[in-house]
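Student: This is what each chain is made of:
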Amino acid sequence: MNPYLALAAAGFRQQARERLVLVSGLLTALFFGALRSAVFLALFGLRGHTAGLGLAQAFTYAWVVEAVFPVAYTLWGWNLAARIRAGDLVVDLTRPQDAFTGLLAYDVGRNLAQLAFRSTPMMLVAIALVPVAAGRGLALPGDPAGWAMALVSMLLVPVIAFGLRFLQEAVAFVSADYRGLGRLLFFPLMLLAGFLIPIQFFPGPLRVVAAASPLFALLSAPARVWQGIDPGWALLAQLGWVVALWLVCRWVFAVAVRRMVVHGG
Amino acid sequence: MVDGVRDEFHGYLRLARASVLAQTERPLLFWSSAAGAGLSVVAEGGGIYLLVHAFGRMGGWTPSQVLLLYAITNLGFGLYSTFCYSLHSPNFAVLLRTGAFDRALHLPIRPLLWLLGSDLQTRELGRFVLGIGLMALIGGDAGVHWDARSLAVLAMACVCTALVLFGISLAGTALTFRTRQATEFVVVLAFGGLNLAAYPLQVFDVLLRAVFVYLVPVGLTVYVPALWLLDKHGPAWAGRGLLPLVPVLTATTCAVGWLVYRAGLRHYLEVG
Chain A
201 MNPYLALAAA GFRQQARERL VLVSGLLTAL FFGALRSAVF LALFGLRGHT AGLGLAQAFT
261 YAWVVEAVFP VAYTLWGWNL AARIRAGDLV VDLTRPQDAF TGLLAYDVGR NLAQLAFRST
321 PMMLVAIALV PVAAGRGLAL PGDPAGWAMA LVSMLLVPVI AFGLRFLQEA VAFVSADYRG
381 LGRLLFFPLM LLAGFLIPIQ FFPGPLRVVA AASPLFALLS APARVWQGID PGWALLAQLG
441 WVVALWLVCR WVFAVAVRRM VVHGG
Chain B
172 MVDGVRDEFH GYLRLARASV LAQTERPLLF WSSAAGAGLS VVAEGGGIYL LVHAFGRMGG
232 WTPSQVLLLY AITNLGFGLY STFCYSLHSP NFAVLLRTGA FDRALHLPIR PLLWLLGSDL
292 QTRELGRFVL GIGLMALIGG DAGVHWDARS LAVLAMACVC TALVLFGISL AGTALTFRTR
352 QATEFVVVLA FGGLNLAAYP LQVFDVLLRA VFVYLVPVGL TVYVPALWLL DKHGPAWAGR
412 GLLPLVPVLT ATTCAVGWLV YRAGLRHYLE VG
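The listed protein sequences correspond, in order, to chains A and B.
Each number in the working numbering corresponds to the 1-based position in the first sequence with 200 added.
Each number in the working numbering corresponds to the 1-based position in the second sequence with 171 added.
Since the hints were derived computationally from the structure, they do not count as laboratory data.
Backbone N, C-alpha and C define an ideal beta-carbon position, used for all residues, glycine too.
Be careful, since some hints might not be right.
Claimed, not checked - Just a few of them, taken from the derived set where beta-carbon distance is under 7 Å, the chain A residues facing chain B:
#1 L226
#2 T228
#3 F231
#4 L235
#5 L243
#6 T250
#7 F387
#8 L396
#9 I397
#10 F401
#11 G404
#12 V442
#13 A444
Unchecked claim - Some chain B residues close to chain A (C-beta under 10 Å, calculated; not the full set):
#14 A205
#15 P279
#16 A381
The following block holds chain A by itself, in its conformation from the complex (with noise of 0.2 Å):
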């Protein structure tokens, strides 16, 4: 078998042995989405639409987001930091196949376990609950090609979360308060990529910003492309930012490890 595939295949099955992990964590997103919905229902009341957005796809926006941020926030955050500081990464160094895929490929998989067991129910449940409850649907793509974009765009996600997570992490080759710096972005990171408020509502330059942003692609372009709004300009946004990620994150691997001392025999 293919070791990649095979890699991605154990990523998937530890993350579905997470049965109690997962269960919950689909509650407290059903729970949250819930709440991002009451609150944009009491702000829409009377109005049709504000910054681009109506109430359904304000909805939308509120369970994507809500179904994206486990992958792009994952539970294992640290673990590729502290086993860079502890030099358990040398072991992938001394495996046959290319360590940055591997290390991509495991964390995919554990991410597409995410995707499959967690907000694909999520997703469901709001469709089919949300209309009764708030007597308004969500946004939903119209056509068979529309579902394949919105498909599409959120298996790209687990590949963006992994490429952004890796920059962060890999602070980790040359200090040892790689956490620090992650708490210090964390907040404008999560405001930036739009998981706070849709960045529609952002001041034109802050807008502009975001949307030039890696960020856009992991949380508000699989937004767009539920909602239908551009969505082929979000998937390509999307596409671009992932050949881009890589090639980053491939040449910091490579200058890392060619600098890399491992202590210990």
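Got chain A sorted already, so can you dock chain B onto it with the hints?
Tutor: Chain B in isolation, oriented as in the chain A frame:
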């Protein structure tokens, strides 16, 4: 008995001091974490302000008034996170799985004091500084008249919010004792409630209001003091007249949490 209590209190202070010194040993990590906590206020507060500003008002409240609610939840959370970090469900689960809590059971100090003192989060300093700055910035625009009484009400709101989160986390430990896993229902009740309380409660439906005002009173500890500060009357089910009820329900939540924690600890089997 008095000597015993005094010894345990001194033990707590020694633990707290050691925790603070350990965290300040690495200045880069400490200052970047503190700055990150401060930036969380900017990001979350900014997001709420931009969202409400786009619609003009939310439930009749101006963006600055809604931000006042967020500011209270933020300071309350900061207090809770500073002193009760180890009680937070995911962190407590790690202490159980690694056996660290079992070792604490053999120390000459109550396990709860050990939990509260061993991991003080000094990084929340950033949250307090920016949070108080935010309060000072938007208070006037929101219509708050700052005097000794209003500062006392604000302090009560923040402390009671932190104590309600503490009570919920205590109750959650009972389930974590059994499962050794982070208890998501604690996250939902505590932080879901906190998220909810950052907005005017009257805009939510009856079920959410009932749960997060009376059952898990984190909504009450934020909303009612805010009504008082803004000189608003509020709805009948959570009007400003309920201000004296805030410390009562807070104490009740803590008492229930304490009883549930004690029951969980009595039946706890060490990992070995």
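Student: All hints are to be evaluated individually against the structure, with a verdict given for each.
Tutor: Comparing the hints with the structure gives:
{"no.": "1", "hint": "L226", "verdict": "violated, 9 Å"}
{"no.": "2", "hint": "T228", "verdict": "holds, 5 Å"}
{"no.": "3", "hint": "F231", "verdict": "holds, 5 Å"}
{"no.": "4", "hint": "L235", "verdict": "holds, 6 Å"}
{"no.": "5", "hint": "L243", "verdict": "holds, 5 Å"}
{"no.": "6", "hint": "T250", "verdict": "holds, 5 Å"}
{"no.": "7", "hint": "F387", "verdict": "holds, 4 Å"}
{"no.": "8", "hint": "L396", "verdict": "holds, 4 Å"}
{"no.": "9", "hint": "I397", "verdict": "holds, 4 Å"}
{"no.": "10", "hint": "F401", "verdict": "holds, 5 Å"}
{"no.": "11", "hint": "G404", "verdict": "violated, 12 Å"}
{"no.": "12", "hint": "V442", "verdict": "violated, 26 Å"}
{"no.": "13", "hint": "A444", "verdict": "violated, 25 Å"}
{"no.": "14", "hint": "A205", "verdict": "holds, 9 Å"}
{"no.": "15", "hint": "P279", "verdict": "violated, 32 Å"}
{"no.": "16", "hint": "A381", "verdict": "violated, 14 Å"}
Consistency with the previously given hints fails for numbers 1, 11, 12, 13, 15 and 16, ordered from lowest to highest.
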